[in-house]
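Full structure from sequences and hints, please.
Protein chains: 2
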Amino acid sequence: MASTLPAPLDAALAALLGPDSWLTGEQMRRAHAEDDSRLSAMPDAVALPRDREQVAAIVRACRAHRVPVVARGAGTATTGAAVPFAGGVVVSFARMDRIVEIRPGDRCAVVEPGVLNGDLQQALQPHGLFWPPDPSSADRCTIGGNLACNAGGPRAVKYGATRDNVLGLVAVTGEGEIIRCGGPWTKDATGYDLTHLLVGSEGTLALVVEATLKLAPRPKAQAGLRAFYRDAAAAAAAVARLMAQPQVPAMLEFMDASAIALLRRNGSDVPDAGAMLLVEADGDDDTLLPALQALADAAEGDGLVALDVAVDGSARDRLWAARRALSPALRTIAPGKINEDVVVPVSRIPDLVAGVEALSAEASLPIVVFGHAGNGNLHVNIMYRPDDASETARAQAALPRVFALVLSLGGTLSGEHGIGVAKRDWMERAFDAPTLAAMRAIKAALDPDGILNPGKVLPPL
Amino acid sequence: MASTLPAPLDAALAALLGPDSWLTGEQMRRAHAEDDSRLSAMPDAVALPRDREQVAAIVRACRAHRVPVVARGAGTATTGAAVPFAGGVVVSFARMDRIVEIRPGDRCAVVEPGVLNGDLQQALQPHGLFWPPDPSSADRCTIGGNLACNAGGPRAVKYGATRDNVLGLVAVTGEGEIIRCGGPWTKDATGYDLTHLLVGSEGTLALVVEATLKLAPRPKAQAGLRAFYRDAAAAAAAVARLMAQPQVPAMLEFMDASAIALLRRNGSDVPDAGAMLLVEADGDDDTLLPALQALADAAEGDGLVALDVAVDGSARDRLWAARRALSPALRTIAPGKINEDVVVPVSRIPDLVAGVEALSAEASLPIVVFGHAGNGNLHVNIMYRPDDASETARAQAALPRVFALVLSLGGTLSGEHGIGVAKRDWMERAFDAPTLAAMRAIKAALDPDGILNPGKVLPPL
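Going down the list, the protein sequences come from chains Y and P.
Under full-length UniProt numbering, think of the first position of the first sequence as 1, with each following residue one higher.
Under full-length UniProt numbering, think of the first position of the second sequence as 1, with each following residue one higher.
FYI, nobody ran anything at the bench for these hints, they're computed from the structure.
Be a bit skeptical, because a hint or two may be false.
What the hints assert, rightly or not - BS3-like mimics (lysine-lysine), calculated; alpha carbons at most 25 Å apart, straight line:
| no. | chain 1 | residue 1 | chain 2 | residue 2 |
| --- | --- | --- | --- | --- |
| 1 | Y | K158 | Y | K220 |
| 2 | P | K158 | Y | K158 |
| 3 | Y | K220 | P | K220 |
| 4 | P | K220 | P | K158 |
| 5 | Y | K220 | P | K158 |
| 6 | P | K220 | Y | K158 |
To be verified - A few chain P residues that face chain Y, going by a derived Cβ cut-off under 10 Å, partial list only:
| no. | residue |
| --- | --- |
| 7 | A161 |
| 8 | K187 |
| 9 | A216 |
| 10 | T287 |
| 11 | A358 |
| 12 | L359 |
| 13 | A363 |
| 14 | S364 |
| 15 | P366 |
| 16 | K443 |
Computed from a prediction, not measured in an experiment: that's the story for all the values here.
Virtual Cβ for every residue (Gly too), placed ideally from N, Cα, C.
Put into structure tokens, the structure is as follows:
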């Protein structure tokens with residue numbers, strides 16, 4: 001498929017960026033066509049800007065021709081958020097990957113969007129600091145992508161997700177204007193909070209060109225415990241107890257009965273149980289053990305089947321081995337997986353698990369539930385064989401019922417993956433018409449011609 | 001001054017609300033004319049809605065007549081944010097003061113905006129929970145007011161300010177539409193983050209009619225320490241050390257040399273020093289003392305003059321007595337006070353203090369600096385005698401120089417009081433034109449006719 005950009009736009013951006021940074025060949029366009037959703041659509045060109053002024057110039061030029069602009073980090077989104085369905089220009093931040101400044105005294109770092117999450121963590125290590133968002137893709141996803149979808153991870157239960165750990169942004173709006181909001185401070189009552197609005201907007205309101213990130217002191221040590229329960233209700237009651245005492249766990253992960261059964265079938269050394277919690281404490285030599293004891297006390301209660309505590313590195317590794325074994329084990333059930341990161345109030349976790357079990361029985365498909373229990377953010381994995389038309393159809397039919405279940409429990413569609421196109425059409429169920437209209441009005445305020453990542457987040461009118 | 005509302009609007013709202021809840025008499029209008037800024041302007045009427053539908057109906061009716069709507073909690077704002085300078089209808093939330101639901105298992109509470117901060121804290125106590133924002137006016141300010149100006153307080157250094165402790169909102173836009181954003185969960189990647197956008201918008205984007213607040217487990221015990229330093233630079237270096245270690249202080253308050261000198265003149269038992277820090281740890285029996293030790297270790301360093309530790313209640317009370325004595329002591333210097341809650345990066349606190357000292361000498365006026373050092377959020381108090389025309393003029397001339405100093409240090413105008421009208425004209429210095437334009441576009445998106453609290457936050461075009 002040939003590029004269909006207006007010739008004057010092509011010429012202007014080729015002149016602005018030079019042949020190394022303005023790519024219109026099919027191969028490079030194809031390399032920027034998909035994300036981890038495995039959805040795919042060819043852009044007309046790929047731009048690799050080196051600074052914010054180039055980003056602003058690209059947006060202004062595209063706006064003049066009403067050509068879509070799709071920001072791209074490392075393409076690890078699972079929702080199609082980075083796929084240019086409407087064609088246009090993919091703006092890759094691969095060359096805006098500088099850590100501009102680490103300010104230990106102000107506990108913040110200033111970065112360009114193309115920095116890899118894992119690279120930032122490495123750079124922060126000598127300062128005894130870290131940036132809390134820890135998606136499982138940390139080694140290959142960018143900060144810009146984390147900002148776009150409000151990425152989380154297990155540590156969010158104590159330290160917050162991306163939105164909670166951003167102090168300021170510089171961004172280019174759909175009008176090609178560079179705006180600056182927030183800054184290297186942690187308290188702000190000065191004007192409208194554009195910073196948190198842009199986080200999670202998936203490149204539909206503005207393109208982030210610089211971020212000031214809130215850092216946390218790296219705890220000196222971690223220790224953990226693994227608790228098995230009779231059923232999901234007993235585990236959920238333990239989650240509530242764990243979250244109600246002052247020692248906030250550093251991680252609090254859940255696995256349902258089908259996840260445990262799967263691990264047992266694959267040879268993991270875990271007891272037969274209805275649910276499992278993995279709980280972690282962090283701290284220093286003085287505080288770690290009392291913290292772990294407080295978590296162990298809270299984990300104990302009705303329905304507890306077994307409790308293992310790991311105070312040092314290798315025992316802790318063994319504890320987490322079961323969690324790490326889960327994703328590979330999932331692939332042994334069936335090659336196809338629909339994985340949604342729904343959110344319910346913590347008190348409704350048992351209802352979610354029960355509802356999903358019923359759905360699994362009805363659809364005759366394995367559905368495995370695990371994830372970030374302390375945030376009520378669970379990953380629901382519908383397993384199927386894509387070469388079996390009936391299973392594929394049943395899996396696809398089960399997905400909307402998962403969303404409907406979550407909404408009926410007072411929850412929401414996504415906790416850390418975002419909406420993209422995958423959940424877009426459910427937005428009308430998650431929000432009422434006036435709220436969606438307010439979101440659309442904000443979209444029009446910052447991107448009046450609708451050129452930024454069109455078709456994402458908000459369903460078409 | 002008589003009410004100048006259009007007669008059909010007056011009649012419609014009188015019919016909607018009834019005589020008890022639609023007040024047009026001069027006395028009641030005067031009672032809703034001012035806030036703690038001591039600025040004052042008469043509204044044309046005061047509405048006391050009982051539910052969100054009445055709020056929506058009021059806004060729709062006022063919109064039809066292009067009449068301003070000014071939301072009001074308890075009128076404790078210091079910025080004129082609640083003063084109806086353009087007349088119109090003050091919507092008081094005095095009768096929407098229900099605590100709708102406390103959900104300990106989900107660590108959240110659902111409240112109407114008229115609930116007093118202090119009343120909520122009392123209601124949460126039996127559950128072992130609290131809501132972190134702790135402005136000094138907690139006993140008389142409302143949650144709605146806290147939301148409007150993103151109120152903070154000393155605890156924000158560990159627990160965050162209002163914006164960090166809100167999970168969801170129901171609000172009425174300038175079109176009179178009821179929108180719902182967020183909910184009883186702590187992780188959300190579903191659509192645009194209207195929740196955090198509305199916090200701190202001072203009633204200019206929407207009127208909050210219900211809030212879901214994030215609660216924290218109440219720590220079992222507190223302990224503190226008081227550290228005196230040679231000068232502000234030594235204290236600021238200690239602040240950086242305190243914030244860089246994993247034990248986040250529960251409070252971290254600063255006082256400059258003039259505050260200490262003032263306390264000494266007023267008989268407080270404090271040594272002669274250039275700066276003071278009050279640091280608090282919280283935790284339980286096991287964790288409190290190690291935490292306090294970690295803070296004491298961090299407080300020690302070059303320039304430390306004296307360090308007192310208080311591990312129990314009465315000793316701790318004595319420690320904080322100096323802080324509590326400060327506001328009354330301020331009144332002994334001069335009856336007039338311009339108090340601004342500026343923010344600088346923590347690393348620039350010494351520069352702020354030095355700059356203010358120079359300004360104080362130049363203006364021949366006492367300027368006392370104290371406040372929330374861990375957030376870089378310091379209260380700069382310019383003291384003067386209002387009956388002295390020259391002092392008054394010098395105080396008023398010093399204020400813009402404080403703002404200019406703060407901005408030159410890479411800081412911002414307000415950390416917890418908001419903008420109102422008091423700092424509004426400085427917004428053009430704090431933000432560049434494209435960023436202000438983006439804020440104006442968002443204002444227009446949610447309040448297309450500009451009827452919500454007109455003239456606040458954003459300077460007139």
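Hint-by-hint comparison with the structure:
| no. | hint | result |
| --- | --- | --- |
| 1 | Y:K158 - Y:K220 | holds (16 Å) |
| 2 | P:K158 - Y:K158 | holds (12 Å) |
| 3 | Y:K220 - P:K220 | holds (24 Å) |
| 4 | P:K220 - P:K158 | holds (16 Å) |
| 5 | Y:K220 - P:K158 | holds (19 Å) |
| 6 | P:K220 - Y:K158 | holds (19 Å) |
| 7 | A161 | holds (5 Å) |
| 8 | K187 | holds (4 Å) |
| 9 | A216 | holds (8 Å) |
| 10 | T287 | holds (5 Å) |
| 11 | A358 | violated (22 Å) |
| 12 | L359 | violated (21 Å) |
| 13 | A363 | violated (25 Å) |
| 14 | S364 | violated (30 Å) |
| 15 | P366 | violated (26 Å) |
| 16 | K443 | holds (8 Å) |
In this structure, the hints that do not hold are numbers 11, 12, 13, 14, 15, in rising order.
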